[in-house]
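Protein chains: 4
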Amino acid sequence: MTNPPYKLASRELHPADTVVKVKDVEIGGNKIVVMAGPCAIESEEVLLEAAKAVKVAGAKVLRASAFKPRSSPYSFQGMGEEGLKLLKKVGEKTGIVTETEVMDTRDVSLVADYVDILRIGARNMQNFNLLKEVGKSGKPVILKNGVSATLDEFLLAAEYLLSEGNKDVILCYRGIRTFEPAIRFPIDAAMIPLIKEKTHLPLIVDPSHSTGIRILVAPVSKAAIAAGADGLIVEVHPCPEKALCDPKQQLLPEQFKKLMFDLSKVAKAVGRSL
Amino acid sequence: MTNPPYKLASRELHPADTVVKVKDVEIGGNKIVVMAGPCAIESEEVLLEAAKAVKVAGAKVLRASAFKPRSSPYSFQGMGEEGLKLLKKVGEKTGIVTETEVMDTRDVSLVADYVDILRIGARNMQNFNLLKEVGKSGKPVILKNGVSATLDEFLLAAEYLLSEGNKDVILCYRGIRTFEPAIRFPIDAAMIPLIKEKTHLPLIVDPSHSTGIRILVAPVSKAAIAAGADGLIVEVHPCPEKALCDPKQQLLPEQFKKLMFDLSKVAKAVGRSL
Amino acid sequence: MTNPPYKLASRELHPADTVVKVKDVEIGGNKIVVMAGPCAIESEEVLLEAAKAVKVAGAKVLRASAFKPRSSPYSFQGMGEEGLKLLKKVGEKTGIVTETEVMDTRDVSLVADYVDILRIGARNMQNFNLLKEVGKSGKPVILKNGVSATLDEFLLAAEYLLSEGNKDVILCYRGIRTFEPAIRFPIDAAMIPLIKEKTHLPLIVDPSHSTGIRILVAPVSKAAIAAGADGLIVEVHPCPEKALCDPKQQLLPEQFKKLMFDLSKVAKAVGRSL
Amino acid sequence: MTNPPYKLASRELHPADTVVKVKDVEIGGNKIVVMAGPCAIESEEVLLEAAKAVKVAGAKVLRASAFKPRSSPYSFQGMGEEGLKLLKKVGEKTGIVTETEVMDTRDVSLVADYVDILRIGARNMQNFNLLKEVGKSGKPVILKNGVSATLDEFLLAAEYLLSEGNKDVILCYRGIRTFEPAIRFPIDAAMIPLIKEKTHLPLIVDPSHSTGIRILVAPVSKAAIAAGADGLIVEVHPCPEKALCDPKQQLLPEQFKKLMFDLSKVAKAVGRSL
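Chains as they are written, first to last, in my numbering: chain B, 1 to 274; chain H, 1001 to 1274; chain G, 2001 to 2274; chain W, 3001 to 3274.
A few of these clues could be false.
[Claimed, not checked] Below are the DSSO-like pairs computed for lysine-lysine, each with C-alpha atoms no more than 30 Å apart in a straight line:
id : chain 1 : residue 1 : chain 2 : residue 2
1  : G       : K2055     : G       : K2257
2  : B       : K265      : W       : K3132
3  : H       : K1268     : G       : K2258
4  : H       : K1268     : G       : K2257
5  : H       : K1265     : G       : K2258
6  : W       : K3088     : B       : K257
7  : W       : K3031     : W       : K3242
Calculated from the structure, these hints are not laboratory results.
From a predicted model like this one, the values you see are computed outputs, not experimental measurements.
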């Protein structure tokens, strides 16, 4: 694919960094933005506890999913609209910006009513009708790369969002599928500066879904910031072993607090702040 | 993923081959079924010409897309409902069974009104809401594997369709993404007997999108039948160089006719017929 | 890598098929050549039994390894020169052409003294000094592709052999490494005609090491012949469950006999014979 | 491969970090060790200039290849023993520790006579006879991972070296082959802490051969240190555009100096020093 056909996403045509502003949070500026929260919305109590914990540790956005794309039809599919209501409530109570996944063209306006930032998951990166619908919604959106998408395909998916008039597109690199059985979705360290070279859009990294292993989350987070990422999206749960999904990768609140402290040093080492 | 969690798709639990019947066509029986037609619906003339050509050569199903998932928002996106109408018309005129892709949950009942078989493309293999909606439609469906989906993920996607009560599920293996730059989506020859071992569902192979190169379509088609596939889905266009997409992989009608003749010999060699 | 830099291997520069003649066996002609035998040389009895069984079933070359490349230093490393002696003896007794792997530049002339055809394994495809030494030996050689080698790299490795003056180069496609956990080394069906398009060298396929699963050997063998391969190299052992390596993939003699019968039909279907 | 069969390489069986001492350089301790130098040895002048430049910038080891594994037989194959002599001379003149690649079992003692550290390249990671010979040499050795080797295979290759009695094994992670065309060999950020978890051996990272693109070398280097690597091996050339290989990835001396300054800050942020 010579002469990459993305235009609105291209750094060459739009040299200045895009900064996405959501309430008082700026994503893509000098400050590193960390989004954190449980994998799924499970109950008001757990969500509120998680929200308070990540906010006090310095997270600026609460992540939590009400609609869960699951490989098996027999796995927990998420709380749906009930979950969205809880997320809105917890966001208002704690004053934290919220984000959640949207999976279905029919749900875009519903989800947009409840949260600050929409998220398009890896499996839907080339669900083009969903991209168009979210593009039209005008809501800030996090777009995750498909695990076997090339860089060009990823930026063309962003182009779908941008070409519908949505300028508030945040890319999220969550790793790729490889032959290695020991790591779920390797985070290619070189992809971070390469994406920043090719596009002006802000870039965050997901160290939780990519590694799938708790002890790898902190080193990958540090690597991502050292390599030039603008932020992270990290899974944190008050009690991971009771979590309804991803129990092995969600950090405990105290682990997240320690991570934020360590990240502030790495951020400073590369001329940024947390 | 030990003890694969698919149940309804499992050969172990359902030893007998599933045969999907669509009008007078049986997919998954002893007879090899070939589906053929242009990549996209472009006009009534082209579609009718293609339909006649593939039918006379022995194809039992006319394939053609009205909704096109395209990596770039600037590529031809398909004729939409207009195309569906042409497909229905051509199907009635020629008496051939029709199939087409559905990409959006909102379009399932619309598409189901116009064609005999729905198709879920590789990019939507884990668009779970679409799977559920198509599962509910009761229409025969072709499910393509995602290009980086594992076998377990592929069969779990089929499980989504089956668990909604749809028994008429046809799997389509269209290859996987690898490091090799010379071939778009390699068809793993071993995957064909392995899928047949793991599931009772019929399996067809797509030699056109997998190779992307016209001269490779015939040898890959023969290999697929020799390895145990129940059918093929092949792109044929009366004038490939004028096609709106995939000009390099669509066969000419006379090439398709020759392929069908050659395939009949390979089918016979493995105890089947065309 | 535009304008592939292989020259002597190039079909474009050398349009006519190369036929490698070893005693009365011709590899690369109209007749399909099957090589077969145990993974490793274990004892004279087992080797002789295997040799007789594969010869009577129609195999033209006896395969068996005296030097075994093993991932772990604690696995059986092969019988070494003792094994070579047995192979030579069994070859003479049964009148079958022999082949075996050579792994070390220092062993090339030793191995060349004992067998008819040298084999360079997948792990040594880019052991360039070994390629040069085998190129100089003048012995017919089977070159296996590295499991993550691109087509260009594979043909360039052959170029190393050819550029030392060795014209008797047989390519062996043994599959590639991918993300799929269910299959060891997928055989890309399209790679077979593509290799034949790019080079004039004979091409055989290894259905045993690629699949690693006994029941997949026959369908993959049929697919390879249907796709245009010039031959196969198949593991056969009189008693696989007692084999010192690869017990799960070696065929029993009666399975091999059945395979040869089935292959003769597929060969005929594509205009060739066994 | 359950219960990974490596023993001597296992962190579980040998919890304490191995520190490899070469003259006054310690690899695997708290201090980050950077190795640098030109891809190939081309002349005494260039090598001396490079050695001085990298030493003054803080590199502790001079890297440079006399034997070059090249995909094509028509590419520059290295200066051979002539190059080894130059490397030894320059090492003595500048007082820097030297390392170079060995590709052939027959060359191990020759190369060991000239340099301080042997290197086994990615293509030879499973050249088991070479591993055994280098294991016997008693020389410190850098072992690079094959680009499609799994973690277990990598550690088993190290086990070959260790099981011959060589304790001075340094692992070098140089990335893996994936489907992404934009990056040569992605460095999986998670692999760095995972390797450190699985083994006690020191681990360095190669940001030059993995990325193949000059502007990506610095961010990947920072990421590697942030993720826990013990060192780096970086290509630096006084005049990259005149280099006989890898002109697009070798850093200029001033770029390397800047990188070392930036790395010292990242090292400090993770509790280490340069």
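We went through each hint and held it up to the structure:
1. G:K2055 <-> G:K2257: 10 Å, holds
2. B:K265 <-> W:K3132: With a Cα-Cα distance of about 43 Å, the restraint between K265 (chain B) and K3132 (chain W) is violated, given a limit of 30 Å.
3. H:K1268 <-> G:K2258: 17 Å, holds
4. H:K1268 <-> G:K2257: With Cα atoms ~20 Å apart, K1268 (chain H) and K2257 (chain G) stay inside 30 Å; holds.
5. H:K1265 <-> G:K2258: 20 Å, holds
6. W:K3088 <-> B:K257: 50 Å, violated
7. W:K3031 <-> W:K3242: Roughly 33 Å between the alpha carbons, so the hint for K3031 (chain W) and K3242 (chain W) is violated.
Violated hints for the displayed structure, listed by number in ascending order: 2, 6 and 7.
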